[in-house]
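From just these sequences and the hints, can you work out the full model?
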Amino acid sequence: MKMKNWLAMTALAAVAGFSATTANARDLTVVSWGGTYQDAQREIYFKPFAEKAGKPLLDEAWNGGYGVLQAKVKAGAPNWDVVQVEAEELELGCGDGLFEYIDWDRLGGEDKFLESAVHDCGVGAIVWSTAIAYDADKLPDGGPASWSDFWDTEKFPGKRSLRKGPKYTLEFALLADGVDKDEIYDVLATPEGIDRAFAKLEEIRDDVVWWEAGAQPLQFLASGEVAMASAYNGRITGINRTEDRNFKVVWPGSIYAVDSWVILKDAENRDAGMDFIAFASEPENQKKLPEYVAYGLPNNEAAKMVSDAQKAELPTTEENLTDAIALDVDFWIDNSEALTERFNAWLAQ
Amino acid sequence: MSGTGGKGHLSAIALVAPLFLFIAVFFLWPLGTMMSQAVSDTAVLRILPQTAKVAASWDPETPPTAEMKDALAADLRAADDRQAVGDMTRRLNSAQPGFRTLMSRTTRALRKDDAPPLSEIDERWDDPRFWQAITGALSPTTDRYLLAAVDLERDVSGNIVAMPEEASANRDIMIRTFWIGALVTLACLAIGFPYAMLIASTEGWKRQLLLGAVLLPLWTSLLVRTAAWFIILQDNGLINAVITGLGISSEPLALIFNRTGVVIAMTHVLLPLMVLPIYSVLISIPGNLMPAAASLGANPLRAFVRVLLPLSLRGVASGSLLVFMTAIGYYITPALIGGAGDQMISSVIAFYATGSANWGMAGALGIVLLVVTLLLYAVYGRLSAAEERRS
Numbered sequence: 188m189k190m191k192n193w194l195a196m197t198a199l200a201a202v203a204g205f206s207a208t209t210a211n212a213r214d215l216t217v218v219s220w221g222g223t224y225q226d227a228q229r230e231i232y233f234k235p236f237a238e239k240a241g242k243p244l245l246d247e248a249w250n251g252g253y254g255v256l257q258a259k260v261k262a263g264a265p266n267w268d269v270v271q272v273e274a275e276e277l278e279l280g281c282g283d284g285l286f287e288y289i290d291w292d293r294l295g296g297e298d299k300f301l302e303s304a305v306h307d308c309g310v311g312a313i314v315w316s317t318a319i320a321y322d323a324d325k326l327p328d329g330g331p332a333s334w335s336d337f338w339d340t341e342k343f344p345g346k347r348s349l350r351k352g353p354k355y356t357l358e359f360a361l362l363a364d365g366v367d368k369d370e371i372y373d374v375l376a377t378p379e380g381i382d383r384a385f386a387k388l389e390e391i392r393d394d395v396v397w398w399e400a401g402a403q404p405l406q407f408l409a410s411g412e413v414a415m416a417s418a419y420n421g422r423i424t425g426i427n428r429t430e431d432r433n434f435k436v437v438w439p440g441s442i443y444a445v446d447s448w449v450i451l452k453d454a455e456n457r458d459a460g461m462d463f464i465a466f467a468s469e470p471e472n473q474k475k476l477p478e479y480v481a482y483g484l485p486n487n488e489a490a491k492m493v494s495d496a497q498k499a500e501l502p503t504t505e506e507n508l509t510d511a512i513a514l515d516v517d518f519w520i521d522n523s524e525a526l527t528e529r530f531n532a533w534l535a536q
Numbered sequence: 061m062s063g064t065g066g067k068g069h070l071s072a073i074a075l076v077a078p079l080f081l082f083i084a085v086f087f088l089w090p091l092g093t094m095m096s097q098a099v100s101d102t103a104v105l106r107i108l109p110q111t112a113k114v115a116a117s118w119d120p121e122t123p124p125t126a127e128m129k130d131a132l133a134a135d136l137r138a139a140d141d142r143q144a145v146g147d148m149t150r151r152l153n154s155a156q157p158g159f160r161t162l163m164s165r166t167t168r169a170l171r172k173d174d175a176p177p178l179s180e181i182d183e184r185w186d187d188p189r190f191w192q193a194i195t196g197a198l199s200p201t202t203d204r205y206l207l208a209a210v211d212l213e214r215d216v217s218g219n220i221v222a223m224p225e226e227a228s229a230n231r232d233i234m235i236r237t238f239w240i241g242a243l244v245t246l247a248c249l250a251i252g253f254p255y256a257m258l259i260a261s262t263e264g265w266k267r268q269l270l271l272g273a274v275l276l277p278l279w280t281s282l283l284v285r286t287a288a289w290f291i292i293l294q295d296n297g298l299i300n301a302v303i304t305g306l307g308i309s310s311e312p313l314a315l316i317f318n319r320t321g322v323v324i325a326m327t328h329v330l331l332p333l334m335v336l337p338i339y340s341v342l343i344s345i346p347g348n349l350m351p352a353a354a355s356l357g358a359n360p361l362r363a364f365v366r367v368l369l370p371l372s373l374r375g376v377a378s379g380s381l382l383v384f385m386t387a388i389g390y391y392i393t394p395a396l397i398g399g400a401g402d403q404m405i406s407s408v409i410a411f412y413a414t415g416s417a418n419w420g421m422a423g424a425l426g427i428v429l430l431v432v433t434l435l436l437y438a439v440y441g442r443l444s445a446a447e448e449r450r451s
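Heads up: the sequence lines are chains A and B, in that order. All residue numbers for the first sequence refer to our numbering, where the first residue is 188 and numbers rise by one. All residue numbers for the second sequence refer to our numbering, where the first residue is 61 and numbers rise by one.
The hints are simulated quantities; they were obtained by calculation from the structure and are not laboratory data. One should not assume that every hint holds.
[Claimed, not checked] In silico DMTMM-like pairs for lysine to aspartate or glutamate, Cα to Cα no more than 25 Å straight-line:
no.: 1; chain 1: A; residue 1: Lys491; chain 2: A; residue 2: Asp517
no.: 2; chain 1: A; residue 1: Lys342; chain 2: B; residue 2: Asp295
no.: 3; chain 1: A; residue 1: Lys261; chain 2: B; residue 2: Asp140
no.: 4; chain 1: B; residue 1: Lys172; chain 2: A; residue 2: Glu297
no.: 5; chain 1: A; residue 1: Lys259; chain 2: A; residue 2: Asp298
no.: 6; chain 1: B; residue 1: Lys129; chain 2: A; residue 2: Asp517
no.: 7; chain 1: A; residue 1: Lys325; chain 2: B; residue 2: Glu311
no.: 8; chain 1: B; residue 1: Lys172; chain 2: A; residue 2: Asp290
no.: 9; chain 1: A; residue 1: Lys368; chain 2: A; residue 2: Glu302
no.: 10; chain 1: A; residue 1: Lys261; chain 2: B; residue 2: Asp101
no.: 11; chain 1: A; residue 1: Lys342; chain 2: B; residue 2: Asp140
no.: 12; chain 1: A; residue 1: Lys325; chain 2: B; residue 2: Asp295
no.: 13; chain 1: A; residue 1: Lys351; chain 2: B; residue 2: Asp101
no.: 14; chain 1: A; residue 1: Lys259; chain 2: B; residue 2: Asp295
no.: 15; chain 1: A; residue 1: Lys259; chain 2: B; residue 2: Asp232
no.: 16; chain 1: A; residue 1: Lys261; chain 2: B; residue 2: Asp135
[Stated by the list, open to error] Examples of chain B residues lying across from chain A (beta carbon under 10 Å, computed):
no.: 17; residue: Thr202
no.: 18; residue: Asp203
no.: 19; residue: Asn418
no.: 20; residue: Trp419
[Claimed, not checked] Not close to chain B: a few residues of chain A, all C-beta gaps over 12 Å, as computed:
no.: 21; residue: Asp246
no.: 22; residue: Asp382
no.: 23; residue: Asp431
no.: 24; residue: Glu455
no.: 25; residue: Glu528
no.: 26; residue: Arg529
Using N, Cα and C, we set each Cβ at its ideal position, and we do this for glycine too.
Structure below.
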């Protein structure tokens with residue numbers, strides 16, 4: 188009997204102890220997009236912040252997906268605190284109450300940031316761009332200059348690679364079809380415009396290798412599997428530095444968007460999360476990012492501190508921005524599901 | 061006596077209880093929830109009770125009435141659970157693209173005290189299509205997800221019709237999924253059976269080595285294996301280097317971004333699931349049966365067909381079932397190695413679940429996949445039962 192009691196007591200104590208540690212000890216958890224980008228963030232944001240706060244900081248990686256965030260918040264007590272999200276997820280999640288509101292006073296006011304980086308629920312982390320990438324060593328006589336060139340398989344023989352999904356792909360198809368960059372989303376908003384984009388895609392259906400993860404298009408370029416690809420600008424310049432490649436970014440016709448930091452609703456460390464976001468938004472810390480990856484900085488002061496050599500690689504630089512297009516978030520939150528269905532059906536044909 | 065019997069009964073229950081609980085909590089309950097998601101449709105009704113009442117008498121072919129708009133504005137003002145409003149918006153946007161921006165603009169405008177009427181906030185509120193989406197979502201249960209999972213929908217008057225061809229291709233993708241599953245199963249069988257015979261015929265370290273070779277892929281991560289196949293199969297990869305080097309073909313063979321590559325990579329990954337069941341049946345077959353058949357005048361092929369194959373059929377059947385069931389759930393390998401025409405249904409389900417948070421659609425596709433699989437399983441059960449009776 189005594190033995191049994193003793194066992195029960197130990198078990199109880201163990202359970203209590205376990206739940207106590209799980210209740211108290213989850214460290215601030217920051218989630219970003221992995222790869223070399225997150226390695227850079229670890230050096231300039233995560234480690235210094237943990238040192239300053241005197242507490243550990245956990246970092247995890249994710250691959251996007253609104254359903255993931257929704258499931259975490261709906262389950263209650265999410266195990267992530269701060270997440271870097273894309274513009275659509277920010278808009279949807281803010282409307283659905285998945286995120287805490289941002290305390291802009293703690294960030295020094297909204298006017299310190301790019302306009303597109305300011306949101307009720309999020310603070311811009313980077314400005315990034317999707318653009319044509321090609322290997323200049325393999326195309327020494329000059330590479331593509333526009334999406335029309337991308338579609339021209341006679342002038343530039345070889346396969347192409349595009350991100351699997353309607354977002355970006357339809358815009359690029361319309362650009363290739365000669366639609367003016369300022370009218371892209373007006374055209375896409377009509378059924379005829381969507382038909383036109385799919386008809387243009389049909390032209391290169393057999394020449395496209397579709398990619399899903401951001402590292403893939405560069406791998407295809409490096410192995411010679413494709414002649415040109417759409418890719419994230421930071422990764423293109425990144426691979427030039429790490430693997431000594433000569434990949435080029437075609438800025439005209441590129442589409443840029445803002446990624447933002449958000450705090451999940453009712454997250455355990457939301458205060459520390461806000462501190463972290465403030466830390467990562469300070470110009471002194473943020474200005475270091477372009478040394479590692481070529482993404483634009485949402486903090487105006489930080490953007491001014493970047494050296495000229497690095498500036499040439501950023502999507503936010505004036506000359507790179509001239510013929511670029513801002514992603515229309517409203518269009519995609521309305522139409523993403525219907526167009527993805529149609530895109531999948533088109534692929535399956 | 062009866063006391064000990066009861067006790068035995070109780071302890072038997074106690075012993076089974078953990079298993080039973082495990083199955084109930086981790087298998088039946090989620091499955092049930094997922095399936096109910098596919099038919100439940102309360103998201104809109106919960107937020108718009110007044111609108112539901114007013115709109116009941118509305119003719120969907122006519123412009124929306126002023127009462128409906130007032131009721132909707134009142135409902136939206138009364139809603140205070142942002143996540144529930146989000147669920148409603150997601151449901152409506154999935155029926156009629158545009159509701160996302162429409163709802164956020166409307167709720168923002170209604171937060172002010174002197175909000176203008178709905179038509180002034182956004183002219184889309186005069187468009188009957190948006191109201192048709194609302195009235196189509198007011199019944200607490202729905203078959204729209206299940207219908208959409210097989211490319212059907214209801215038109216305005218409620219008849220079941222086929223979706224426009226360019227809108228959805230779930231049926232094609234579903235058929236393709238089963239087809240790829242069948243191809244991979246056949247390929248596994250063609251390689252796995254002789255290999256299992258080879259293992260069963262060896263002993264000692266040779267057997268361990270052969271077993272280890274087939275088990276090795278199970279111990280490496282799926283992603284690493286798939287990436288390795290990418291390197292091997294690509295145009296200037298290992299295989300094509302050998303082929304062009306030997307002069308068998310001057311052009312590299314297209315092994316990647318097509319069906320061939322998917323079947324090769326999936327066969328490699330799933331081979332152990334075929335080899336192990338066949339092997340375990342083969343080693344239980346007495347080794348003197350084949351020599352006995354030979355001594356009775358059967359040539360090796362005849363001995364194999366009449367003796368070894370029937371005896372090992374159970375292993376073949378369970379191996380095929382394991383491989384097939386696992387294969388139809390794949391999506392990383394087709395995504396990385398396959399081309400556009402090799403996408404399988406799991407990737408569509410994943411899009412709805414993690415991408416657009418449309419759990420109804422994800423659940424419905426899951427149900428269709430489950431039902432077809434159960435049907436196939438039933439066929440298999442009948443066939444193997446008949447086989448057993450015959451032998």
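Item to check | Hints violated by the structure (listed by number, smallest first) | outcome: Going through the list in order, the structure violates hints 1, 5, 11, 13, 14, 15, 17, 18, 22, 25 and 26 and respects the others.
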